[in-house]
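Chain by chain, the residues run as shown.
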Amino acid sequence: MCPPPAPVTTVGRSVPRREGADKVTGRARYTDDIAVPGAWYGRTIRSTVPRGRIRSITLDPTFDWQRVVVVTADDIPGENVVHLIRDDQPVLAPKGGEIKHREEPILLLAAADRSTLEEAARHIRIDYDTTEPIYALEEATQVFSTVEITKGEVVEDLKDLKNVEVVARTFQVGLQEQLYIEPQAAIAIPEAGGVIKVIGSLQCPYYVHRALKRALGLTDQQAVVIQAETGGGFGGKEEYPSIVAIHAALLARKAGRPVRLIYDRHEDLAATTKRHPGVIRHRTGVKKDGTLVFQDIEIVLDGGAYCTLTPVVLSRAAIHAAGAYSCPNVRIRARAVATNTPPNGAFRGFGAPQSLFAAELMVEHVAERLGTSSVDLRRKWILRLGDTTATGQKLTESVGSELVLDAALKSCRTVGPSDRRTVKRGRGLSLVFHGSGFTGSGEKKLQGTIALEALADGTFRILTASTEIGQGTKTIFCQLAADALGVGLDKVVVAPQDTSLVPDSGPTVASRTAMIVGRLVQDAASEIKERLTREQPPLRVEKSYIQPDSIHWDEATYRGDAYPVYAWACTIADVDVDTATGEVRVTDLVTAVDCGKALHPVMAEGQIEGGSLQAVGWATIEEIKMKDGGYQNDRLATYLIPTALDAPRIRTILVENPYSRGPLGAKGIGELPMDGPAPAIVAAIHDATGVWLDEVPATPEKVLTALNGAKRREEAPA
Amino acid sequence: MTVRFTLNGAPVSVECVGSRRLLDALREDLGKTGTKEGCGEGECGACSVLIDGEVVDSCLVAVGQVEGRNVVTVEGLAGPNGELSRLQQAFIEYGAAQCGICTPGMLLAAQVLLRRTVRPGADEVREGLAGNLCRCTGYTKIIEAVLSCTT
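Sequence order for the protein chains is A and B.
Letter 653 of the first sequence, counting from 1, is numbered 853 in the numbering used here, and no numbers are missing.
Letter 19 of the second sequence, counting from 1, is numbered 116 in the numbering used here, and no numbers are missing.
Here chain B stands alone, though its shape is the one from the complex (with noise of 0.2 angstroms):
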């Protein structure tokens, strides 16, 4: 079958087996390789996207069910001219990045927080980034780096 969505604000259409993985059409048929897999059952949020503004494990979503909707990876973060979102300069900043591999998925994460949440705590934003793991930070310099966006 065909899909058609919004990808990163473009049109994109994936021919496919609806039941394909989100995650492995963006990666496999759209050259979407940002957006990882770390587990492959919705525990770990590496492979999270935005799905009309949602955060979601799109290892755990069919391509089918996007039809029609506005999906956000993390390659739409920057601007037109890829300058970097205020998030995206401050995880490099504050150190909230090490190996990387959970960045992508958390920066989604936390842009939805603070969409949501006006002026959040920490612990506010602890809880908004529950769903995504990350080995290498203790987390400290990630909430450091999400905090520092709320002004």
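Extracted from the complex, chain A is given alone in its bound form (with noise of 0.2 angstroms):
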């Protein structure tokens, strides 16, 4: 008899895309591609005003609605919050509630067509008493959560501080809209028994779960959701999906007949959650040879209306906002506050690039102060094996700082000037770390669990909640199973991300689908391997994670662990900055990413690449502008996102630097590579022209109205 052939190892390969043809081919199903016989169009009638109360609302008794299933708050079968961190947000504004942004949901309305639906909600009049709205920061009054990090002394108690010098400086970072390619979608179809089946485009299947068991009143078995192929989410299907399918359930369930609930770009951009802008104020005290002496930080964000889960989004800026250095005192001050805007919510990132922007142009503050190089000034500062973070984590493996620096350093090339006349060039440099996984006690309250069947037909099926939202999640866990079985790559699938089906492995976020969730299904694998030398199929196998207990992180003091283990950044940015025009065209980015190992390179490259270019956008061309509380850009003709010719050149050097706990020794990269790119652009800027902007985007207006503040100080007379 013949031994069985050695399987081919597949991880650390880059493997066709699981569902790659059905996506060049046409095949793949995203939400709204799904028929559904019978269905009714859904849609979403809003406020227009930002603050009061509704005072009455009529339907125009000359339009016939039969025709039309409308939805109050009246109806809601069970409790009236779209469930998450605070169930602050209502599912709709009941009548006489308060209002609290301009897109705050009032009615739902369902027809057989859409020229129904349109002439319906034209015949609806909505009254409101109006209050003064909260915008600016410094007015708000509600406070959303509070984070304070100190470490070492705080500086009104250090003594001798008469030779060190403090620099001061007050960042400003602006909304982003994720802008995934397919908008909010769901499809509710109530089924026997009291089920209602949703299928959306969504990156978590359990958050939607929960959410639609509290306000529909529904059991676990009763809400099933069901995620189809999705457009992209980058966060902005993080908590968003749970409004929509809600909506989508409750007009199903009064039609009795299923409901499409699809947004339109317009809807989408105008109502879903941003990124969190907001202010960070820094004073560094450095000694004259650049001995970090402390760090003091304010971090003031921009909640929007609602909680959201702005509380985490605050944690995870505050704790990143020392940025990757080593320093002996720190003390960050953070807030989240209430305004009258539509919420804000999660984007990759989560408040890392925020208070990383402020961090990295710090450095370059305080090396100008100095008149040193940020590149030595970073040298000297950085966090090293065996170094504590502000949080007083000891860094004990895989702190990949130097490598990163050093491999982008190396990779640079020359750039001569530009033959315009008004265009200058210049080069800007960042280094950055993010905190892979949850925060904190995240994963441990969490015990995200997975599944693994071994089947008879000598196939294997991963169970998870985790969901491919383009990352590649459906590939490395197959090649995390497969290698772990010793079996091709053919013999492995996914089952679908089906609450009926799967157990709970956590929602789609925080750079964690493969370094924590994989390393389960890598587990689960070696446990059906070992089975089956004495045991025949079919078997399961479920594991569920457990924190280990070198982890330690207390949520009261904000001390601790705060992430198993971070992955590392150095982006290094070429800009042309147009002084006649002040536009800002990034033509090279080259990151040097610590990613653990590369489990799929192209993929990891992808996820960098990707995430830059969204990092390039924030940093210049996507502007936000408000006006009465809503977006000016609420259209793709004016929020605008870079282009192919836009885009810079990006290259991506992959360094690996191995992580114990880690499927193979990887670490999670999805949001790293939106953290480097912003500060390295502005400090480019800077290179090109002199002039400082603290802030994003760099618009043209902005960069020309520095660069005339500059000339201005120039003329000026002494």
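No lab work stands behind these hints, which were simulated from the structure alone.
Incorrect hints may have been included.
As the list claims (entries may be wrong) - Residues from chain B that face chain A, not an exhaustive set, calculated with beta carbons under 7 angstroms: (1) GLY135; (2) CYS141; (3) ASP149; (4) ARG166; (5) VAL171; (6) ALA175; (7) ASN178; (8) ARG183; (9) GLN185; (10) GLY192; (11) ALA194; (12) PRO201; (13) ARG223.
Unchecked claim - Calculated Cβ distances over 12 angstroms to all of chain B for the following chain A residues: (14) ALA221; (15) THR262; (16) ARG267; (17) LYS295; (18) GLU338; (19) THR346; (20) GLY432; (21) ARG465; (22) LEU585; (23) LYS691; (24) LYS729; (25) ASP749; (26) SER750; (27) MET826.
Said to hold, decoys possible - What follows is a list of derived Cβ distance ranges for each label pair: (28) B:GLY165 to A:LEU845: 27 to 37 angstroms; (29) A:ALA321 to B:GLU151: 28 to 38 angstroms; (30) A:THR838 to B:PRO177: 41 to 51 angstroms; (31) A:TYR328 to B:GLY128: 35 to 45 angstroms; (32) A:GLU727 to B:GLY218: 43 to 53 angstroms; (33) B:VAL109 to A:ARG621: 36 to 46 angstroms.
Only a predicted model underlies this, so the values are computations on that prediction, with no experimental measurement involved.
Backbone N, C-alpha and C define an ideal beta-carbon position, used for all residues, glycine too.
The task is to assemble the complex, starting from two chains supplied on their own in separate frames and drawing on the hints.
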């Protein structure tokens, strides 16, 4: 008898994406591609005022309302809350209820065809008693959450500051839309036994499941959530799909038939969550020789009208605020406040891009004050193996800070001046870290669970709630399982992300999927392989996350191991600044990333390249201006994202510096590329022009204003 | 009215008002859901199709305008037995499709570019794809995939 062929190892190789053929042929079914016989079309009627109370809702009696299903807050069978952290956001504003932002959902409509729906919408009148809205952070009275982190002494207690230079700056960061190309979408289908099945474009099936149960008063079995192929998420489909799903389900329940609730781009831009804007104030104390003495940092984030995930975003912002540096004395005070704009929420990076933008530019400002190179200063300050972070976390392994700095610097190319007279060239660098996985005790509390089945036909099935949103979940899980089982990739499949089938392996967020859930898949596969030596299939193994004893986190004091491990990145940006128009063009962007281990190099690079371009957009052209509590840039014609022509040449250098608890050493890197480009670009603008912006986006308007300001200062008599 | 045209090489007819968007006729009347709606106003290119060999946003075209014309959607790119085109294979191999929602339009735009330009360089590829937005890839791998099909 021949021995079985040696299994081919696929981890570390860029095998074809699992659903790749479906995506290049048009066979992949996204929510709006799914035909459901008899389904009606749904629509959300929203507030038109940013703050006030609903005085009256009038349905025009001349319209035939028999043709339409109308859902109000009175039709909510469960609790009128979108369940998340605080339960402060209503599903629909009740009559007489408070309006807190201009896109607050008030009524839901469904009809057999779109034109009836539009006609019905025109026959609704809602009157309000309005109140003066709050938009300015300093005027906000409601605080969603605060975080305080201290290490060593606070600045007021420091003795001997005589020879310490203090550099103080204030930074501002703007709103950003995730702009997944597939808008929010859900189809709700009522079934026998009070079951409501929701098929949707979403990242976190169990978030939606919990929210549905709560608002519709359903049991675990009555709420069924299925992820359709999802056209991008970036955090935008972390919490918002709960709202879309509940709305669709309420309409389907009342209509007694399936209802499709598919947002158009305008509604999606106007109503859904954005990256938190905010203000970050830094004071850094440093000795003449560059020794870092203290960092005193204050962060204020604008949460918008409801809490959403804001406290968790604030927490990540605060933990990353000191940057990738070792400082003996740190104080970080952060708070998130409520304003009367649509709620802000999850977006790749989750608060870290905001605070790291400030931290990285602070290095530049200190270097300028000391007359030294910012790269040298980074080398002096950088967190190394054995150092402690602001939360007192001792870094014990996989600290790639210097590796990525060296790798990025080594790959730099020399660039000559532009041949256009008004164009100035510059280069900027940033060095960042990003905690992989949930913050603090998040994983411990969640205990994410997966299952792996060995089937009678010799194949294997992975059951997780982790979603494929383009980042490669399906492919990577199959690679990890196949390698651990010692079988070919074709023997492993992933079960659909359907809450009636798969256990809750947690949300697909926080750069945790490959590292945390992937490790569970790998462990389950190893166990099944071992059991198959003495048992016959079918077999099923479940694995839940168990926090290692060595990880300690104190929620009350914000001390300890904030993350299981950090991924590191160094970005170098080359820019052309047109001093006549203020236009900033990023021409080249190189990022060296310590990813632990690249499970699938092409997909790992894809994460870095895509995330980097989102950051370039945030830093340069993605601007949202507010008017009367709404976004002025609420169409794709006015909210611009980079096209292939705008995008720089992006190069990625993967540095493998394994992490013992990641699958084969891998660390989460999904969010990391959002952190570094913005400060590198702003530093490059300074290198090109000599002016500091200290804010993003660096739009032509702001660049010109800064350039003109510098010119005026030069011309002013001394 | 009845609109007759050629879709992916085969004759089709649609019964509808002539002002119906080609995008809706393709997706809802003809079941070709590979063509996506990203913005509905001609900004994103997710709904790109070919009309007589030109890349067009099908959200901006009334179905009545394609009477007698030749329309190609992503479903028409593979061979008669479903074998993937070289470009489709390259998109998989190079990681040019992540979430995949822009992929159908991107493939069509790339195909036209490759047909029109002999050995395009990276800049020409960027220009050729500038009407199709992608939020996942940073375009790098899409450009690599297209360039791999030029020789």
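task = Compute the least Cβ-Cβ separation between LYS691 of chain A and chain B, then decide whether it is above 12 angstroms.
result = Label holds. Min Cβ-Cβ 20 angstroms, cutoff 12 angstroms.
message = Just to be careful: measuring from the Cβ of ARG166 of chain B to every Cβ in chain A, is the smallest value less than 7 angstroms?
response = Violated. Min distance 20 angstroms.
query = Taking 7 angstroms as the limit, does the beta-carbon of ALA194 of chain B come near enough to a beta-carbon in chain A?
reply = Check passed: Cβ of ALA194 of chain B comes within 5 angstroms of chain A, closer than 7 angstroms.
GLN185 of chain B as an interface hint toward chain A, with CB separation required under 7 angstroms = The hint holds - GLN185 of chain B has a Cβ within 7 angstroms of chain A, the shortest such distance being about 4 angstroms.
query = Taking the minimum C-beta separation from LYS729 of chain A to chain B, is that value above 12 angstroms?
reply = holds (29 angstroms)
ask   = Is 41 to 51 angstroms right for how far apart the beta carbons of THR838 of chain A and PRO177 of chain B are?
value = Given a distance of about 44 angstroms, which is inside 41 to 51 angstroms, the answer is holds.
ask   = Is it the case that ARG267 of chain A keeps its Cβ farther than 12 angstroms from each residue Cβ in chain B?
value = Answer for ARG267 of chain A: holds, closest chain B Cβ roughly 20 angstroms.
inquiry  = Quick check for students: does the CB of MET826 of chain A sit more than 12 angstroms from each CB in chain B?
reply    = Correct as stated: the minimum Cβ-Cβ distance to chain B is 21 angstroms, above 12 angstroms.
request  = Confirm or reject the statement that SER750 of chain A sits farther than 12 angstroms, beta carbon to beta carbon, from all of chain B.
outcome  = Correct as stated: the minimum Cβ-Cβ distance to chain B is 35 angstroms, above 12 angstroms.
key: No chain B beta carbon within 12 angstroms of GLU338 of chain A's   = holds (34 angstroms)
query = At a threshold of 7 angstroms, is the proposed contact between ASP149 of chain B and chain A supported by beta-carbon distances?
reply = violated (20 angstroms)
task = Could you let me know if the closest chain B CB is still more than 12 angstroms away from the CB of THR262 of chain A?
result = holds (26 angstroms)
Going down the numbered hints, you'll see the structure goes against 3, 4, 7, 8, 14, 20, 21 and 33, while the others check out.
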